[in-house]
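Residue numbers (the numbering used here), protein chains in the order written: chain A, 219 to 760; chain B, 219 to 760.
Take the hints with a grain of salt, since some may be wrong.
[What the hints assert, rightly or not] Here chain A is said to cover these stretches of chain B; the calculated rule only asks that three of the stretch's residues, wherever they fall, bring their Cβ under 8 Å from a Cβ of chain A: (1) 237 to 244; (2) 322 to 336; (3) 388 to 394; (4) 488 to 496; (5) 616 to 622; (6) 663 to 671; (7) 736 to 747.
[Claimed, not checked] Derived DSSO-like pairs (lysine-lysine); straight-line CA-CA distance at most 27 Å: (8) A/661 with B/566; (9) B/244 with B/260; (10) B/453 with A/398; (11) B/453 with B/566.
Hint data in this document are derived by calculation from the structure and do not stem from the laboratory.
Heads up, the beta-carbon is just placed ideally off N, CA and C, and yes, glycines get one too.
2 protein chains.
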Amino acid sequence: MTDFETHPDRYVHWKLSVEGAVATLKMDVAEDRPHRAGYRLKLNSYDLGVDIELADAVQRLRFEHPEVKVVVVTSAKSNIFCAGANIMMLSTSSHPFKVNFCKFTNDTRCSIEDASAHSGQRWIAAVNGTSSGGGYELALACDDIVLVDDGNSAVSLPEVPLLGVLPGTGGLTRLVDKRKVRRDLADVFSTVAEGCKAKRALEWRLVDAHFPRSKFAQAVADRAAKAAAELPEKKDKGVSLLPLEPQVTPERISYRHVTLDIDEAQRLATLTVRGPETAPPASAEAARQLGSDLWSLRAMRELDDALCRLRFDCEPIGLVLLKTVGDIDRVLAWSDFLAAHGDDWFLKEVRLYTARTLRRLDGMAKSLFAIIEPGSCFAGELLEAALACDRTYMLNDESKPTFIAIGALSGGMLPMSNGLTRLESRFLADPGRAERMARERGKLDAEAAFGAGLITVAPDEIDWEDDVRLAIEERLSLSPDALTGMEASLRFAGPEAMDSKIYGRLSAWQNWIFTRPNATGESGALKLYGQPDRPKFDWRRT
Amino acid sequence: MTDFETHPDRYVHWKLSVEGAVATLKMDVAEDRPHRAGYRLKLNSYDLGVDIELADAVQRLRFEHPEVKVVVVTSAKSNIFCAGANIMMLSTSSHPFKVNFCKFTNDTRCSIEDASAHSGQRWIAAVNGTSSGGGYELALACDDIVLVDDGNSAVSLPEVPLLGVLPGTGGLTRLVDKRKVRRDLADVFSTVAEGCKAKRALEWRLVDAHFPRSKFAQAVADRAAKAAAELPEKKDKGVSLLPLEPQVTPERISYRHVTLDIDEAQRLATLTVRGPETAPPASAEAARQLGSDLWSLRAMRELDDALCRLRFDCEPIGLVLLKTVGDIDRVLAWSDFLAAHGDDWFLKEVRLYTARTLRRLDGMAKSLFAIIEPGSCFAGELLEAALACDRTYMLNDESKPTFIAIGALSGGMLPMSNGLTRLESRFLADPGRAERMARERGKLDAEAAFGAGLITVAPDEIDWEDDVRLAIEERLSLSPDALTGMEASLRFAGPEAMDSKIYGRLSAWQNWIFTRPNATGESGALKLYGQPDRPKFDWRRT
C-alpha cells in the first residue's frame, strides 16, 4: 500500500526552510531513492514519492506556518531546476498508474494555486537551471517565474517532440489559459525540445523575469521580500498536523473517523465516515486548541488519504459506497460552526481543505453511490460528499426515520472545480432552487429529500435491500472505461474553469495518447525514449 | 474518395418535404444501401451516407427554403424512430474512421442548433417510435422533443451498458448542459439499456411532451403550427445550391476557387483558396442574383468540402498548408460587403455558413500552417482562416511587399465554438487589443503584422525557403496523436461552450474509450455486440 503521509523531518527529496514570512522549498531529489525499484531519479526528475513530499509541504505550510507569505521553490542542484517526471518510471508503469500519477501531481499543482488564491501566499519559482516538462509545469503552478539567464538554462515542454505524449500536469492549459501565451507561440514552444532561454522566454510570457547567475539569488530574495511586504500581515501561530496512522490490512483501512472496506473480489469498496462524538468547540480559539484532532479536519484528512489509496492501491475497485454514521444534528452543528468562523485563519484553512478533499472526491475515476440509512449523518460537508456521488439511495421507512441536512457550507464555501456549488450543479435547470435551498437549509426526511430532488431513489423497507443490491450489481457489470468517460461528462455540467479543463479535457487527451501504440507500443516514442531506436509511428491522424 | 455532395432528388434515406413554413424530414433508411459493404442499416440505424444526406438537408433548408420556420424530424418506419449509429459499421471501422464519423455527425447536430439559434428555425423531433443512442442524440439536437406514448416506445442511450463506449454525438453533454437533466438522473438514464418511456422521460426532462399514438400526428402538427405562428414572418425566396463538381484525382481536388493538393508520400497537403476576380456585387439584390455562384459562398462551400475530404480520405496527411492567391484589396472589399449586409437573409446565411466552415477548420485533427507569400490575399474571412492555423509564416521582403488585412468580419461575426473571436483567442493576455484591431482594421505588411502579433514567423527572403521547409519537416516528424491532443488544447483557450465541450472533452474521452480493449479488443463490448459471447473487461479503473 502506498503511504501518502510524510513529514519534513523525513523528506528525502525536498528541503523546507522557513525564515519569517518567506519559506524556501528546495528540490534535491535523491537519485537512488525512487518510489519503486527500476529507475534512477536523475537530474531532479520526480516520481510519486517526490510529489507526495511536495504535496505534504504545501499542506503543512498552510496549517503549520500561517505566518508564511512567500514560498520560493528552487533547486539545490547546480544547473538543473527540474527535469520533470521520470521517463523511465513512466515508460515502465501501467496505464492506470500513469493516469493516477498525473492526476495526483495535478492535485498538488492545484493545491499550490489554491494556497495562492485563498491563503495569502505568493509562490515564486526560482528557476536556477534548466526546467523541462513537469519541471516547467511546476513553475507554471507558481505566481511568479524567474529564470536564470546564463546562456544555457531554458524552460521547455519536450513531451510532444521527445516522448510523443502531452505534458501530463496541466502544462498546455496553463500556458494559454493561465499565462495567456499566444497560441501560435505556445505551439512553437511545445514542439521544440530544447525550449526557450531567458530572453525569448520573457518575450513569449513563459517567465516573468530573468537575471544573470551572479545576480540571481539576490533578485529572487528581493522579489520575495517585496511580495512579503505587499501582502497583508500574518502573525498567526501554526497548528501541527499529527500523523493519521491508519491500521492497514488488505481488506480494511481504519482511521479514527473513517473506515475504508475493500472487497476486491466484488470490486466494491465502502467508505464510512463517522460523525463527531461531542458538540462543536465553543469558539475558534477552542477549535485551534484541538488542532489536528478537530473532527472537521481530522475526518477530512482521513477521507483524503483514503481517496488517494483508493486511486493508487485499489485499481480493480469500480464502485465506492459512501456511508456515514453519527448524530446528524451534531454534524450539522459542527458544519455550521465551520461556516460561521471563516474569519479565523485556522477554521478557514479547515474549510478550504474540506473543499479540496471534496474536489478530489468529484474527480474519482470510480463510480460513487451514497447510501443513506437510519443512523447516518449526511449533513453539511457530508451532504456535499453525497451530492458529489453519481447517485444517492435513501431508505424511505416511516418506522426508521432517516434524514439529510443542508448546512451553511453548501451555499458557496465548498465550490467544485468549475466554480459551481454542488447544489447549483444539480439544479442547473432551476438556478433559483439551489440558492433557495442553500439559504433556507433544513433537515429533510426521505419523502422531502426525494421531492426536493436531493436524492436519486428512495426505496421503502420492502424494496431497499434488493434495489441497492441490484444497482450495485448492475454498476459493477459495466465497462470501467465507459463509466469513467460517462461520469467525467455528467459530473461537470455548466461552466469550465482552468482546473476543470485540465482534469476533464487535457486528462482525457492524455489518457488517449497514453494508450496509443505511437506512445506506449513496442515502437512508441515513450517506450523507446533513451534508446538508440527511433520510434515508428502509425501516421493516421484522428 | 467520399462524395459529400448530394441533393434531395437523390436522397436514399431521407424524404424532405416543405409545406409553407413547415418542413418535414422523414428518416426512412434503406437497409440495403449502406455507405460501404458489410452491414445492413436495420431499424433506421445510420452511417456516414445517411448523415451526409441529413447535413445536406440542413444546409439546403437554410439556403433554398428561407420561408421555413419549423422543421419536423420524424421517422417513416413504424415503431422505430431511429436506432442510432449502426453498430456493425462502428465495430468494423478503423479508429480514425470512427473518430471522424462521430465528428461529422457532431458537426451536423451543431448545424441544426446553429439554424435554430440564428436562422429563425425551430426544430421539432417527432419521436414516433423507439429512439436509441444516436437516434436520441438527433432528437437532443432539436429544440422540442415529442415522444409517442404507446406503452412501448422509449428514448435511450444504451452505449455504456450495451457497447462499452460513450454516446458518440454529444449525447451526455446535451443531457446535462442543454436539457439540464439532473446529473444523477442522467447517470441512471445513461446506464439503463432500455431507456425511459414517455411518463418518466417527461418527468426527467428527457422529452418536452408525450402523446398517445392516436393523437400524436395531430399534436405534432399543432406544435409545428403554433411555433410557426410565433416566429417572425419569413417570405424570402430561396437560392439554389448548385453542385460543386470538383475534379478529383488521388493527387489533387480542383474546385473553381479552391485546390487541394495531396502529397501522401510526404503526408503534406496544400489547400489554396483563390480570391474573387471581380469587384463585390453592387447590392444584396445583385448578390442574390449570383446565387451559389457568389464567390463568398462558393469558395466556402468548396473549402468545407475539401476539409471533409481531408478528414475522411486523407488519413495519413499530418500537415495542411493554407495558401491564398488573389487581390487582397478585392477580398477585403468582398468581405466587408458581407459584413455590411447582415440584414439581408441571404448574405447573413452566407456569413453564418462562413462561420461554420471556419469552425470546421478550427476542429481539424491536422496541423495547420498558413503560408503568406507575395500575391496572397489573407483578408477578411481568409485572414480568419489563417488565424485558425497553428502557425503563420509570412515572407518579409521589402522588394516583394506582402500584406494581410483585417476586415469587419473579424469583430465578432465569425465566432469560434467557444464564443470568442479568433483575435480575442489570440490576445487573451490583452483583451483590449483584439477589440482595437477589429475596430481599426487595416492592411499590414510583414513587419507590421509581426509587430502586431498576427503572424508567428516573418523570415526574410534569404531564410524563407529554409525556415518554412524545416518547420514542415519538423512538424511531420512528430507523433500524430500527441499533435492532435496538443492542438486541441492550445487552439481553444479561454471559455468553453457546449460545442467546445462536446468536441474538446467528450470527443477526447470517446477517442480514449474507442482505443481500449474493453471496447474494441477481441473480447470488447463493441466488438462482441450482437454475438453470443459476453465481453471480458479489464476491470482496472483509470
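Outcome of the hint check:
no. : hint             : in the structure
1   : 237 to 244       : violated (count 0)
2   : 322 to 336       : violated (count 0)
3   : 388 to 394       : holds (count 4)
4   : 488 to 496       : violated (count 0)
5   : 616 to 622       : violated (count 0)
6   : 663 to 671       : violated (count 1)
7   : 736 to 747       : holds (count 3)
8   : A/661 with B/566 : violated, 55 Å
9   : B/244 with B/260 : holds, 16 Å
10  : B/453 with A/398 : violated, 47 Å
11  : B/453 with B/566 : holds, 15 Å
Hint compliance for this structure: hints 1, 2, 4, 5, 6, 8, 10 are broken, all remaining hints hold.
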